[in-house]
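Top line first, the protein sequences correspond to chains A and Y.
Numbered according to the numbering used here, the first sequence spans residues 1 to 113.
Numbered according to the numbering used here, the second sequence spans residues 114 to 225.
Quick caveat, the hints were computed from the structure, so don't treat them as lab data.
Heads up, a few of these hints could be off.
One-sided and incomplete, this derived list gives chain Y residues near chain A with beta-carbon spacing under 8 angstroms [claimed, not checked]: (1) S198; (2) F202; (3) F215.
Stretch-level coverage of chain A by chain Y, calculated; a stretch enters the list once three of its residues show a Cβ under 8 angstroms from a Cβ in chain Y [claimed, not checked]: (4) 41 to 48; (5) 101 to 112.
Below, a list of computed lysine-lysine pairs in the DSS-like style, where the Cα atoms sit at most 25 angstroms apart [as the list claims (entries may be wrong)]: (6) A:K22 / A:K41; (7) A:K40 / Y:K155; (8) Y:K181 / Y:K135; (9) A:K52 / A:K19; (10) Y:K171 / Y:K181; (11) Y:K171 / Y:K184; (12) Y:K170 / Y:K150; (13) Y:K155 / A:K41; (14) Y:K171 / Y:K135; (15) Y:K171 / Y:K150; (16) A:K52 / A:K41; (17) A:K40 / Y:K150; (18) A:K36 / A:K22; (19) Y:K155 / A:K36; (20) Y:K150 / A:K41; (21) Y:K184 / A:K40; (22) A:K36 / Y:K135; (23) A:K40 / Y:K135; (24) Y:K181 / Y:K150; (25) A:K52 / A:K22; (26) Y:K135 / A:K41; (27) Y:K170 / Y:K181; (28) A:K40 / A:K52; (29) A:K19 / Y:K155; (30) Y:K150 / Y:K135; (31) Y:K170 / Y:K184; (32) A:K22 / Y:K150; (33) A:K41 / Y:K184; (34) Y:K150 / Y:K184; (35) A:K36 / Y:K150; (36) Y:K155 / A:K22.
We put the CB at the ideal spot given by N, CA and C, even for glycine.
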Amino acid sequence: ETGVTQTPRHLVMGMTNKKSLKCEQHLGHNAMYWYKQSAKKPLELMFVYNFKEQTENNSVPSRFSPECPNSSHLFLHLHTLQPEDSALYLCASSGGLVGRQQYFGPGTRLTVT
Amino acid sequence: GENVEQHPSTLSVQEGDSAVIKCTYSDSASNYFPWYKQELGKGPQLIIDIRSNVGEKKDQRIAVTLNKTAKHFSLHITETQPEDSAVYFCAASITGANNLFFGTGTRLTVIP
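Just chain A, with the same shape it has in the complex (with noise of 0.2 angstroms):
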């Protein structure tokens, strides 16, 4: 499945690090989402864009910015980091809002040190 891509696949960084997780769809979507899967726990969902517009912030801490520059791409700017925030980030396209299939990338897997 290469219709969501991400990169990097794997990151390690200090909790002082600025780091930047990169999100591209080659489907035509116009709704681009992040989630967080940590183990044992359900999916978060933690932004959500609308034709680069962002409907959907699920209470999630500030060291989080998303960017949506468009339709295509997505972008999760990382920075001060803390342990707890080590997980698999997910990335995700649909054609529509929630409704519709979505699809998903093969995530980040991000370790905070």
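Based on the hints, put chain Y in the right spot on chain A.
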């Protein structure tokens, strides 16, 4: 908000046997119920979904049933194969809403 519970958390079956995973939801307004399969190192992939206007949907060896009254839905996999081994997630949402509410996942192992 919506709360989705999923059981069991782990499931082991012999190859060829059937596997059933069950989910319950709390919001009676939810009307879209997808199931995702996540293999190691990959993101979740949609395998089947059902909307609230139908009670059952089948796709080859996979079927999903929905009981709106009881607010539960189930995934049935028949004639399981080793390649069915993965983590399966159920989810619920309202069409047009932003949120997909996921269950905690079921790790299915098919023993050859």
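Here is what the structure says about each hint:
Violation of the interface hint for S198 of chain Y is found here, the shortest Cβ-Cβ separation to chain A being roughly 18 angstroms, above the 8 angstroms cut-off. Taking 8 angstroms as the C-beta cut-off, the interface hint given for F202 of chain Y holds, the closest approach to chain A being about 7 angstroms. Hint status for F215 of chain Y: holds, given a least beta-carbon distance of 4 angstroms to chain A, under 8 angstroms. Given as covered by chain Y, the stretch 41 to 48 of chain A passes the check, having 5 residues with a CB less than 8 angstroms from a CB of that chain where 3 are the minimum.
Coverage of the stretch 101 to 112 of chain A by chain Y holds. Counting CB-CB distances below 8 angstroms, 7 residues qualify, and the rule asks for three or more. A threshold of 25 angstroms between alpha carbons decides the hint, and for K22 of chain A with K41 of chain A the separation of about 23 angstroms falls inside it, so the pair holds. For the hint pairing K40 of chain A with K155 of chain Y, the CA-to-CA distance comes to about 17 angstroms; that is within 25 angstroms, so the pair holds. Pair hint K181 of chain Y plus K135 of chain Y holds up; C-alpha atoms about 14 angstroms apart against a cutoff of 25 angstroms.
Proposed proximity of K52 of chain A and K19 of chain A is supported: the alpha carbons are some 21 angstroms apart, at most 25 angstroms. Taking the CA atoms of K171 of chain Y and K181 of chain Y, the gap is about 18 angstroms. The hint holds against a cut of 25 angstroms. A C-alpha spacing of about 19 angstroms is found between K171 of chain Y and K184 of chain Y, which places the hinted pair at or below 25 angstroms, so the restraint holds. For the proposed pair K170 of chain Y and K150 of chain Y, the alpha carbon gap of about 17 angstroms is at most 25 angstroms, so the pair holds.
Proposed proximity of K155 of chain Y and K41 of chain A is supported: the alpha carbons are some 17 angstroms apart, at most 25 angstroms. Between K171 of chain Y and K135 of chain Y, the direct Cα distance comes to roughly 16 angstroms. Compliance with the 25 angstroms bound is thereby established for this hinted pair. A C-alpha spacing of about 16 angstroms is found between K171 of chain Y and K150 of chain Y, which places the hinted pair at or below 25 angstroms, so the restraint holds. For the given pair, K52 of chain A sits about 28 angstroms from K41 of chain A by alpha-carbon distance, which is inconsistent with the 25 angstroms threshold.
For the suggested pair K40 of chain A and K150 of chain Y, the alpha carbons sit about 15 angstroms apart, so the restraint of at most 25 angstroms is met. A distance of roughly 14 angstroms separates the Cα atoms of K36 of chain A and K22 of chain A; the hinted pair therefore holds under the 25 angstroms criterion. Taking the CA atoms of K155 of chain Y and K36 of chain A, the gap is near 14 angstroms; set against the 25 angstroms cutoff, the hint holds. Note on K150 of chain Y and K41 of chain A: the hinted pairing holds, with a Cα-Cα distance of about 16 angstroms set against a maximum of 25 angstroms.
Taken as a hint, the K184 of chain Y and K40 of chain A pair is honoured in the structure, with Cα atoms around 23 angstroms apart against an allowance of 25 angstroms. Of the supplied pair hints, the one linking K36 of chain A and K135 of chain Y holds, its CA atoms being roughly 23 angstroms apart against a limit of 25 angstroms. With a C-alpha separation of about 17 angstroms, the suggested pair K40 of chain A and K135 of chain Y falls inside the 25 angstroms cut-off, and the hint holds. About 23 angstroms separates the Cα atoms of K181 of chain Y and K150 of chain Y, which keeps this hinted pair within 25 angstroms; it holds.
About 15 angstroms separates the Cα atoms of K52 of chain A and K22 of chain A, which keeps this hinted pair within 25 angstroms; it holds. About 17 angstroms separates the Cα atoms of K135 of chain Y and K41 of chain A, which keeps this hinted pair within 25 angstroms; it holds. Pair hint K170 of chain Y plus K181 of chain Y holds up; C-alpha atoms about 14 angstroms apart against a cutoff of 25 angstroms. This hinted pair does not check out: K40 of chain A and K52 of chain A have alpha carbons roughly 31 angstroms apart, beyond 25 angstroms.
Of the supplied pair hints, the one linking K19 of chain A and K155 of chain Y holds, its CA atoms being roughly 22 angstroms apart against a limit of 25 angstroms. Taken as a hint, the K150 of chain Y and K135 of chain Y pair is honoured in the structure, with Cα atoms around 14 angstroms apart against an allowance of 25 angstroms. Annotation: proposed proximity of K170 of chain Y to K184 of chain Y holds, straight-line Cα distance about 16 angstroms (limit 25 angstroms). Between K22 of chain A and K150 of chain Y the alpha-carbon distance is near 23 angstroms, which keeps this suggested pair within the 25 angstroms criterion.
With a C-alpha separation of about 21 angstroms, the suggested pairing of K41 of chain A with K184 of chain Y holds against the 25 angstroms cut-off. Between the alpha carbons of K150 of chain Y and K184 of chain Y the distance comes to roughly 22 angstroms, so the proposed pair stays at or under 25 angstroms and holds. Between the alpha carbons of K36 of chain A and K150 of chain Y the distance comes to roughly 16 angstroms, so the proposed pair stays at or under 25 angstroms and holds. Under the criterion of a C-alpha separation no larger than 25 angstroms, the hint pairing K155 of chain Y with K22 of chain A is consistent with the structure, at around 16 angstroms.
Checked against the numbered hints given earlier, this structure breaks hints 1, 16, 28; the rest are met.
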